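Undergrad: Here are the chains, one letter per residue:
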Amino acid sequence: MASMPSSEQIHSLLTATGASGAWYCDVSANKLYTDSRFAELYGFEPQDGIMGIPSQVFFQAIHPDDRARIRIAVAGVLAGAELFSKEFRVIAPDGSMHWMHARGQSHLDDQDEVIAFSGVLVDVSERKRTEERLRIAQSAGGVGTFEYVDGFATVTVSDEFCRLLGLHPAVSLPIQTINGVMLPGQPQLIPNGRTKDIPESLEGIFQIVRNDDGRQCWIARRGEVLREGGGYRLIGVIYDVTTTKLQEAALRELNDTLESRVAEELAIRHVAEEALRQAQKMEALGQLTGGIAHDFNNLLMAISSSLALLKKRIPDDPQAHRMIANALQGTQRGAALTQRMLAFARRQDLQSEQIDIVALVDGMQLLIERTLGPAWTLQCDFPHDLPAVLADANQLELALLNLAVNARDAMPEGGMIRITAAEERVTAEAIPGLTAGRYLKISVIDNGTGMDDETLARATEPFFTTKGVGKGTGLGLSMIDGLAKQLHGTFMLSSSAGLGTTATLYLLASDKVVASQPRLSVVEMEAPVRPLKIVAVDDDFLILMNTTDLLADLGHHVMDASSGSEALELIRQCPDLDLLITDQAMPNMTGTQLLELVVKERPNLAVILATGYGELPPEARGNIVKLSKPFDQDDLAKAVAQAIRVA
Amino acid sequence: MVEKFEAIVGLERDALTEIMNIGVSRAASSLRKMVGDQVHLSVPSIDVVNRRRAARLISEREISELIAVRQDFSGPFSGRALLIFPETNSLELVRAVTGDELSAQEVIDMEHEALAETGNVILNSCLATMANMLKRSLSMTIPEILRGSGDSLFEISDESSSDGLVLFLYIDFAVKKRDIRGYIAMMMDIPSLEILRELLREFIARVVGADGLNA
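Line order of the protein sequences matches chains E and S.
Note that the working numbering numbers the first sequence so that position 87 is 87, with each residue one more than the last.
For the working numbering, add 1000 to where a residue sits in the second sequence, where the first one is 1.
One thing to keep in mind: the hints can contain errors.
[What the hints assert, rightly or not] Just some of the chain S residues that point at chain E, by a computed CB distance under 8 Å:
id : residue
1  : Glu1018
2  : Ile1019
3  : Leu1057
4  : Ile1063
Simulated from the structure, these hints should not be mistaken for laboratory data.
As the structure is a computational prediction, the values presented were derived from the model and not from experiment.
For glycine and all other residues, C-beta sits at the position ideal for the given N, C-alpha and C.
Same shape as in the complex, but just chain E:
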């Protein structure tokens, strides 16, 4: 049996080591010897500890939840395990709980039989709390700790450390396992113990491939390098910085591409601005052209009417009559020109009707061929079952003729001109300017000289012509463009120099397929009208005089007014008035506004609205007879007769 140390010896030794108690268990005698601190902790007399008490007392003060575990461990020691190192809770006599770390060992005799079991208790309550705080700090903060002493092949790590690298939790990991998760080419997370250089700092960011799911992550490492003798100890933490790194990368990417994205945006903006400028230019030109055409129309009417009246009054001189006929022809050509200008300005008066395009082209084929001349042939290529289109037949004929002439001019040596038509379903925004729907696509195709890009870009601008001064008005294509747009379709040109040009009209398909109506110019002979009392209104003195003269010549009694208000005055003074004829475009009060007022006072008064613009305001329908400017005496006479009839 081993010799027992004296209780004083034990006491002074333990005080020095900071232990909270010590025991010695004599296995064969089944006696437990303790120092006074052990006795105090367990709550028995110190003297009993010195004299020895039954071994079972060892388990008495241990927390019930820990007791079985410690019994097993003690059984292990008594059966031959060398070391005893366990932590458990002890309930002191005052009820307070202490975490104890018991460290002990067995004593063997010559036959390796256990004869005694001794050890010390150390109060580790404070350490336990610190450990708990550290554990929570690690799991809550996602921070893993490590400690490495140089020369060793393993690193002491925390569970969180293992989790961050995607490894199974362990208390220690081989260096090569830890560095095995680094992305190839990365520095080592833990410096290899074989290199003798002491690392300067633990600051660093590493890219890893997590061991469990293969995810690539960024890990930051911080910590301290502690020098110990000739070597060193690394104590540090790691944490995941993937989110930050990804954000950084995204920001950098944004920054790097900023210039090109700005350039791209600017280019888009430039194109949009260019398109807007072009649209504004065309709009301004349209308004200007429309305005000029309107005024010019009035002048032409004054001239032609005056000529017509003059013709009636001069003596029967053939030469004078020929000169008047020439002058009248000149005004008719002028009127045709203003029609084209109005077409470009999209202000012409269109008679929309359903048109069978095949019949229309068939009907004008001879006309086109005559116009083209013998060196050019016309080939029409139309499938069956084409839908009808909504358009003005006269204007459409004119447009096709114009395109055919252009095609001819592009092929001075002669050649073939093709006219094709096909139905096409257009989706939204597929073709600029077209809403989704069914369209008829009519193309006039030549293989002539074609146009370069610059010419093509300006081809539909009004007054742009390549035909030389005096040969063309420059209104042909712009007129067709205007026509197409007024009919809610569009006009497109494609061309390349030397290869020819394709001019395409998109027109809205009409749902009902109708046989083309034979278009007869029905001249209804109106019965001669009795002399009437008429008020004529126009702000343009020249026109007003002209209208008045024409009506007077027809035998009517005419009063003139130069404004709407003046006209109202006259109407009120003249209860037996038969007819009001007014211009539409007047300052202060338009013709429509005037008619509204008049209809309230004299609902049965016959009215004629004279207008040079294409469209009547929608509300101004009903019994209002419309008269297009310029008009001649015949037109006027017919309008008067009609107005009297419907009133």
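With chain E's structure known, arrange chain S on it following the hints.
TA: Below, chain S without anything else, positioned relative to chain E:
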């Protein structure tokens, strides 16, 4: 049908850890007698896992090839015990147990024999302690040396089912200043593990008492 095996936890696990501690303590004591007072062994952790997981646990920690000493055991519970080292450690272990007195060539020549002997001491101590503490007897085959990956040591292949469980111990070898680590694995089927569990319960009842709380 795959049988379910509830993990060995709580007191059963404590008891098994303690029994293995006794086993490796005895092994250390035997090794000390072979090589002087240079050897310390301890068992920090113990786990019951399936074979695949055991192979992964090892390959996560060891990049090099592995070397193992294998002994089969049979009795009330039967299985196959493995003492596994990283291959780079094996010559180191041979040097440790032979006391640095041999030349490099002699160490290589002796490696096989020395490893078999060392493995036999350690595995024998563990199994004999288990048998003894659980009051049963086990018989063992002679040691064999195997080399290979975790998968091959745990007999994981496409054909064989890898449902078998492994009692897995990580043991620390503290041999002077040498860094040697190793693992003990005992592959058992579920019926054997259930018997082991029953024997552990008997052991606990003997040591702790029926209610586990007797002071």
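Undergrad: Hint validation: S/Ile1063 versus chain E, beta carbon distance must be below 8 Å. Holds or violated?
TA: holds (5 Å)
Undergrad: With a cut-off of 8 Å on the beta carbons, see whether S/Ile1019 makes it to chain E.
TA: holds (7 Å)
Undergrad: With chain E as the partner, please determine if S/Leu1057 meets the hint condition of a C-beta pair closer than 8 Å.
TA: With a minimum Cβ separation of about 6 Å from chain E (threshold 8 Å), the hint on S/Leu1057 holds.
Undergrad: Using 8 Å as the Cβ threshold, decide whether S/Glu1018 counts as touching chain E.
TA: holds (4 Å)
In summary, this structure violates none of the numbered hints.
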